[in-house]
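Build out the structure end to end from the sequences listed, making use of the hints.
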Amino acid sequence: MRSTPHDRNKAVTWMAGLALIAALVGGNAELSAAAVFRIVGEPGAAAGEIEVFSRDSGGFLDLRELDKFLGGRLVWRIPGAGIDWRIGGTEFSFDDMVAFFQAGGNSYQLVAAPRLEAGRFLVPLQLAVEYLPRLLPHRFIYDKTGRRLVDRGASSPSRPAVATHDGRSYRIRTVVIDPGHGGKDPGTIARNYKLHEKHIVLDIAKKLVRNLKNKTNLKILLIRDNDKYIYAGDRGSIANKLNGDLFVSIHVNASSSRSTNGSKTFFLSEAKTNEDRATEMLENEALKYEVEGKVSPGNDEIGLILQDMAQNEQLRESQDLSMFIQRDLAVINGLKDLGLGQANFAVLRGSYMPAALVETAYISNPGDEKKLNTSAFRDRLADAITNGIIKYVEQYHRKLANGS
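For what it's worth, this note's numbering labels the leading residue of the sequence shown as 10, then goes sequentially.
One thing to keep in mind: the hints can contain errors.
[Claimed, not checked] Distance condition first, Cα-Cα at most 25 Å in a straight line; then the derived PhoX-like pairs of lysine-lysine: (1) K400 with K345; (2) K215 with K203; (3) K216 with K250; (4) K228 with K250; (5) K345 with K379; (6) K203 with K379.
Derived by calculation from the structure, the hints in this document are not laboratory data.
Structure, rendered in structure tokens:
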């Protein structure tokens with residue numbers, strides 16, 4: 010670490026434990042840092058950097074260095090190869106090669122197990138990025154844009170109802186709705202009624218926005234509210250700029266088989282079935298409308314580590330969001346339930362929030378097409394998606410309240 014404003018003498022128990030472990034695992038061995046992680050104080054406070062060590066399972070910080078910088082108290086537990094870390098009025102207990110830790114009487118899962126290596130006790134970067142702001146919100150904020158931990162100092166330990174994140178609440182406040190396609194990209198065009206996917210999904214999305222505004226206090230935003238073209242690869246980043254907490258993209262499906270029908274809700278991941286791969290190819294057809302030569306900016310090492318870690322959490326939450334939406338679509342009379350799917354959709358890439366892509370029905374199927382042509386059916390689709398989103402938000406807030 011390059012700057013340690015709270016550097017001080019540590020407990021003898023820690024030094025003894027470290028000496029023993031160094032002897033066991035090779036304290037003189039060198040670890041090469043892949044990047045640095047920044048910690049900043051409130052205006053006027055010192056700022057510094059901690060080395061990030063990259064391993065196959067992600068990025069790690071040396072807990073001893075983190076403690077020196079933040080001013081906590083470490084106690085090494087022997088035997089058992091574990092560490093207790095007291096900071097901000099809360100004690101965190103870690104064990105070597107155990108992917109869980111204890112804090113405040115609760116157990117929390119880590120993306121990778123802490124490990125003893127070259128005289129260091131390495132903990133996943135997730136501890137600083139996710140759990141310190143979540144469990145000690147009176148003191149820490151993770152600035153996602155600046156990719157840094159903000160330490161507001163040892164202030165009053167009275168805990169707000171919910172942790173903060175980027176200066177905002179961990180609570181879901183903003184839902185971004187994306188009507189797929191638009192403008193020069195019509196999406197799929199129906200055979201009988203000549204319906205354009207872009208018009209159908211815009212109508213469903215507007216109904217969804219109306220429902221959510223009437224039933225919740227959530228802020229609801231649309232990626233597009235008219236027939237305009239938006240680069241598919243930009244839609245996730247637009248949701249980020251809108252400070253979205255949830256992202257839901259609305260589509261209709263199509264198949265070469267006219268008999269295929271029903272609804273399916275997807276989350277972003279590698280496609281596992283031929284049917285999901287076909288849907289992925291269909292929706293990513295929108296990329297043919299993009300300007301050639303458009304490239305994505307490169308990522309540095311810590312950016313890739315943080316992105317991978319965030320994606321693990323987003324995958325779990327996106328799957329839950331998709332499940333709640335699909336459960337309510339499944340009860341629509343006459344609409345076949347095709348369950349959950351996963352695929353690498355361009356429209357979902359780059360969003361830093363739980364996201365789902367809803368394939369409401371098959372426009373290529375005569376029965377589904379006929380239903381989609383009616384406002385009443387589109388109302389039922391919007392109602393089902395509304396209920397699914399609300400149920401997910403309620404469940405998410407219950408988990409926050411329980412500290413899980």
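Status of the hints after comparison with the structure:
no., hint, verdict
1, K400 with K345, "holds, 21 Å"
2, K215 with K203, "holds, 21 Å"
3, K216 with K250, "holds, 23 Å"
4, K228 with K250, "holds, 14 Å"
5, K345 with K379, "holds, 14 Å"
6, K203 with K379, "holds, 11 Å"
No hint from the list above goes unmet by this structure.
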